[in-house]
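Each residue of the sequence shown is one higher than the last, beginning at 1 in the UniProt record's numbering.
Using C-beta positions, here's what the derived DEER-type ranges look like:
no.	residue 1	residue 2	range
1	LYS58	ARG26	24 to 30 Å
2	ARG146	GLU17	16 to 22 Å
3	ASP143	PRO31	27 to 33 Å
4	ARG94	ASP67	14 to 20 Å
5	LEU131	ALA20	14 to 20 Å
6	ALA120	ARG93	42 to 48 Å
7	SER77	ARG122	25 to 31 Å
8	ARG93	SER125	52 to 58 Å
9	GLU130	SER72	40 to 46 Å
10	ASP67	SER125	39 to 45 Å
11	ASP148	ASN92	28 to 34 Å
12	LYS58	PRO31	28 to 34 Å
13	THR56	LEU106	20 to 26 Å
Pairs of lysine to any residue residues, derived as SDA-like cross-links and limited to a Cα-Cα distance of at most 25 Å, are as follows:
no.	residue 1	residue 2
14	LYS128	ARG114
15	LYS58	ALA41
16	LYS68	GLY53
17	LYS68	THR91
18	LYS58	ASN142
19	LYS68	THR99
20	LYS68	PRO90
21	LYS58	ARG94
22	LYS58	THR69
23	LYS58	ARG86
24	LYS128	LEU24
25	LYS68	GLN40
26	LYS128	ARG26
27	LYS58	LEU145
28	LYS58	ASN92
29	LYS128	MET29
30	LYS58	ALA85
31	LYS58	LEU48
32	LYS58	VAL149
33	LYS68	ARG52
34	LYS68	HIS44
35	LYS68	GLU79
36	LYS58	GLU102
37	LYS68	HIS96
38	LYS128	ASN142
39	LYS68	THR56
40	LYS68	ASP148
Everything labelled a hint here was simulated from the structure, so no lab data went into it. Where a beta carbon is used, it is the ideal one built from N, C-alpha and C, also for glycine.
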Amino acid sequence: MRSKAMSDSVERRVVREVGAATRLIRLLMAPPLQAAGITQAEFHLLALLEERGTSTGKELACLLSLDKTTISRQLTSLEEALLIARTTDPTNRRSHLITVTEAGRLRLADARRRSLAVMAERFASWPKEELGALADHLARFNDVLRGDVAEVGVEPDRTRPSQGRSSGSDRP
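Please construct the entire structure, taking both the sequences and the accompanying hints into account.
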């Protein structure tokens, strides 16, 4: 059994490393996403919308922990670029249902292809077993976080990749 001091140190290191990886991935993904003609915010919003099929702005704001006005601005930008479509919700005329258009799917696929190429370069020297183990550990970690998010009353995002599928839904 680990001592409390060792445990705290290990957890602190995990938090530090996950934070560093998140920042570094954002930096690495900016150029391929820009080359695909999409921002990181647009990428994440489109990926979430594609995964969900249809959503409202209110649902997206909740899922992404963003203010409704921020989501509204992002959705307006995506709509002007013809990457999403908004239709009036037949069950609530004050609400709009949002879906990804074919142009949005194509842009998202291009962004995923470009960003995956960047990450593939970084993992080229890793043995497949180690890369698989990393993916397994991250999936386990994300499952724990999803459960914790659900416990505090926020619907966890449904971007959990299925086995064998690219995890491009929640990261570029």
